[in-house]
Amino acid sequence: MATVTPPRTGDAPPRTFPKGTHPSEDDPNVLLEDDYAFYEPIPPYPPRTEREAEFYTLGDGEMFLNMGPQHPSTHGVLRVVLKLDGERVVDIDPVLGYLHRGVEKLVENADYHQTISQVDPLEYISSLFCEWAPVEAYERLLDVEVPRRAEYIRVLSGELNRIASHSLFLGWFALDLGGLTPILWSFIERDEIVEMLAALTGQRMLFNYFRIGGVNGDLNHEFMSRLGDWMSRAVVQIEAGEGLLNENEIFTRRASGLGVVDQATALRLCMTGANLRATGIPFDLRRAHPYSIYPELDFDIPTRTEGDSLARYLLRMEEIKQSLRIIDQCLEKMPDGPIMAKLPRLIRPRPGRAWAAVEGPRGIYGAYAISDGTDQPFRLKIHDPSFIHLQAVGALLPGNLLADTMAIMASLDPVMGGVDK
Amino acid sequence: MDRALARRLEARFGTALHGPARQRHDQTEIRIGAGDVQDTLRALHDEPDLAFTILADLAGVDTGTEMQVVYHLWSATTTDWLRVIAEGLSRDDPRVPSVTFLWPGAEWMERETYDMFGITFEGNRDLRRIYMPPDYTSFPLRKDFYLPDDAARSPGAGVRHVERTHSPVDAAPGVLRQTKA
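Sequences listed follow chains A and B, in order. Mapping of the first sequence onto the numbering used here: residues 1 to 421, in sequence order. Mapping of the second sequence onto the numbering used here: residues 1001 to 1181, in sequence order.
Honestly, I wouldn't trust all of these hints.
[As the list claims (entries may be wrong)] Computed footprint of chain B on chain A; a stretch qualifies when at least three of its residues, placed anywhere within it, have a C-beta under 8 Å from a C-beta of chain B:
1) 90-102
2) 147-154
3) 214-227
4) 265-273
5) 305-319
6) 391-402
7) 405-417
The hints are simulated quantities; they were obtained by calculation from the structure and are not laboratory data. Positions of the beta carbon are idealized from the N, C-alpha and C atoms, including for glycine.
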């Protein structure tokens, strides 16, 4: 039987395991043929770093298991190499890049307005926040004041997007723990929200709605009537969906104590958003570093102290209720006026640097923009919380059971579009 | 803009800073050399009157003449974002100490920066490529890496090569430039 390994270029030699060198060679439970033409998780080149060498060396009784990239529960195209000791996970090595588009390079090669449509597909279930951070960074480069009505519309649509994202989280999380019903229920919620956002922005998911200096369209009748209709029954619907899980003993006992992280570790792992607040640190940029019109609004920052998967789930449900409060206040206080600042069509900010960060459903979305005075950004660094939280899985997982891998990953709520950029 | 923060930083770090702290909007910016990264960030993280415990972002920048690594930090002791720029890394062999000893969560951010710019983070124990395949040999976000359809450098403003209907041989010599800068 011939090897099917494709030829590789560069410093990676083709994968060969001469007799007696394969890590599974001595394992009586593993049957190896002379030519290893089957798929192995072990990379076909010598280890590049200390950590890779350590990971791909098997200890006594350990084995590798490859999960993905087409695994149904990896929330996107992600491959994880698991090192197992029986049912226990010893270590993991996530392999990224399957969705990498090079968005930062694309942004550098297009003009400022084109950034907005490029960053939309990053976190495709909370696109408004992906737009918000770069747009705000550009506004700082330009020193432009956003009209108050535009700020209110941004907050209103952003909070709706947050609710859609959190209710999808509810469904996913339950699905990864083995419950099929909640995802069907949570999609009802999410569909109503994306339909009303479609009425506002013209798109269901990739909204392309925020503009440098404002928003693309004013509130319209269809959006407002859908929103009013939904708001009258939102709380009841959301609580019904929650009730499916909160009162389910199997779910609560399974999720509590799973993937526990303490405050110091969470900070050292650079975690933000609900995952950090679930450990008891009330770090929410809407209060910690106020932006837009959030200082004028009245809402709470819920926290919990357990730091486990159940806490992360319950906290997100709390946040939905706070978002509903914010939406109520936005509708009440919505000022009249323009929705766009006066800006030329072709913008050339003066040379400079600006950073902006917003609190999204998963943590902080940041953008670091550098202008060199031309009509194209010199550099735009996009910070995505999913990337950070997927890394944290490696710290939370060891010692847990294989079946908990996806549960812990889902409780941190990463989206692969954002991870791979 | 937190003027007191700028004064505190200038008093604390003195000659390690390249020039005075700059402030604009809600951001304070200090510039340091690569050799001072570990000491400066450790002080910013550990000292109770600074307490920049949250690393919001780590970015690489290629200015065309040098490489930079940019850290954005948040602290409850100030209302500003702090931007620390480690500047003056050579483009031939950019090296900077890793900050994974303070924030293990910076490991992947450093891997990403290595993957995109080729900046070596000394002390990061897992500095492999993260997005690009392992046998890839370039660093895509460097300024000398051109996209094949780079509109900025193509002949005719904004017209991409793939959209050009006439082949260069149809045009009179000198009308269309074939190659990119």
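Given coverage of the stretch 405-417 of chain A by chain B, checked by CB-CB distance under 8 Å (3 or more): violated (count 0)
Verdict on chain B covering the stretch 265-273 of chain A, criterion of 3 CB contacts below 8 Å: Holds: 6 residues of the stretch 265-273 of chain A have a Cβ under 8 Å from chain B.
Coverage claim, chain B over the stretch 214-227 of chain A, checked by counting residues with Cβ within 8 Å (three needed): violated (count 0)
Within 8 Å of chain B (C-beta), three or more residues of the stretch 305-319 of chain A: violated (count 0)
Chain B over the stretch 147-154 of chain A, status - at least 3 residues with CB closer than 8 Å: violated (count 0)
Cβ contact check, 8 Å cutoff: the stretch 90-102 of chain A against chain B, three residues minimum: Result for this restraint: holds, n = 4.
Coverage claim, chain B over the stretch 391-402 of chain A, checked by counting residues with Cβ within 8 Å (three needed): With 3 residues close enough to chain B, the hint holds.
Of the numbered hints listed earlier, those contradicted by the structure are 2, 3, 5 and 7.
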